[in-house]
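Going by numbering that gives the first Met the number 0, the residue at position 44 of the sequence shown is 43; the numbering climbs one at a time, nothing skipped.
The set of hints was computed from the structure by calculation and includes no laboratory data.
Think of the CB as a built atom: it goes at the ideal place given N, C-alpha and C, for glycine as much as any other residue.
A hint or two may mislead.
Result set (EDC-like, lysine to aspartate or glutamate): computed pairs, CA atoms no more than 20 Å apart in a straight line [to be verified]:
1) K76 - D88
2) K82 - E97
3) K122 - D22
4) K34 - D88
5) K34 - E140
Derived DEER-like restraints, expressed as beta-carbon distance ranges [what the hints assert, rightly or not]:
6) T130 - R102: 20 to 26 Å
7) D127 - S62: 34 to 40 Å
8) G41 - T130: 25 to 31 Å
9) M86 - S143: 30 to 36 Å
10) F109 - T81: 29 to 35 Å
11) R43 - D128: 33 to 39 Å
12) D128 - Q27: 15 to 21 Å
13) P67 - A24: 27 to 33 Å
14) Q21 - K90: 17 to 23 Å
15) E74 - R102: 27 to 33 Å
16) L125 - A69: 26 to 32 Å
17) D128 - F78: 28 to 34 Å
18) Q27 - E74: 16 to 22 Å
19) L72 - N131: 24 to 30 Å
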Amino acid sequence: MDYYIAFDTLLDKAMQGPRFLQDAAAKQVVIDSWKFIARRYGLRIYAISVMSNHVHVLLENRSASSTPLADILTEHKRFTATKLNRMQDAKGRRVWAEKEYSRTVRFGHFERTLWYVLNNPVKAGLTDDPTNWCGNYYTEEMRSNFVKVRALAG
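Take these sequences, add in the hints, and give me the full structure.
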């Protein structure tokens, strides 16, 4: 876990490098793509946080015939890269890293992980209120859960 936290902190503090996801329209493309993919593959999306240069997604695979996450990510990356490059007039530009950093949330760590995902823009100094961050998405069910965890943390 320490490696992932260190890597995430490095991404948050990066002053140089690509920021393809910086504007609200780009963030919405990523969120909408995940919502579409969730319906298509029977995933349950709990939370998404789209930062300027990376994305956090908290999801559960509810489908009996599970498509490998790597295949789902490939489809998501292909679609969003094409759409973002069209929007930003950057044909052929590489948007996503080849490797993803996926992890299984251990029993008893869900609320902590939800907090980590949705609080990411606060930690990066981009907003004081994660509930109003244009790059955050969470279900109504998670809203009350996040508010409860936020009250305990704050």
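Going through the hints against the structure:
1. K76 - D88: Holds - the C-alpha atoms of D88 and K76 are around 17 Å apart, at most 20 Å.
2. K82 - E97: holds (18 Å)
3. K122 - D22: holds (18 Å)
4. K34 - D88: Roughly 24 Å separates the two Cα atoms, so the pair is violated.
5. K34 - E140: Within the cut-off at roughly 15 Å; holds.
6. T130 - R102: 20 to 26 Å: Hint holds: Cβ distance 24 Å, inside 20 to 26 Å.
7. D127 - S62: 34 to 40 Å: holds (38 Å)
8. G41 - T130: 25 to 31 Å: Holds, since G41 and T130 (Cβ atoms, about 28 Å apart) stay within the stated range.
9. M86 - S143: 30 to 36 Å: Holds - the Cβ-Cβ distance for M86 and S143, about 34 Å, lies within 30 to 36 Å.
10. F109 - T81: 29 to 35 Å: holds (33 Å)
11. R43 - D128: 33 to 39 Å: Violated, at about 25 Å.
12. D128 - Q27: 15 to 21 Å: holds (18 Å)
13. P67 - A24: 27 to 33 Å: Holds - the Cβ-Cβ distance for P67 and A24, about 30 Å, lies within 27 to 33 Å.
14. Q21 - K90: 17 to 23 Å: holds (19 Å)
15. E74 - R102: 27 to 33 Å: Roughly 20 Å apart at Cβ, these two residues miss the hinted range, so it is violated.
16. L125 - A69: 26 to 32 Å: Holds, at about 29 Å.
17. D128 - F78: 28 to 34 Å: holds (30 Å)
18. Q27 - E74: 16 to 22 Å: With Cβ atoms ~18 Å apart, the hint holds.
19. L72 - N131: 24 to 30 Å: Distance hint for L72, N131 holds at roughly 28 Å.
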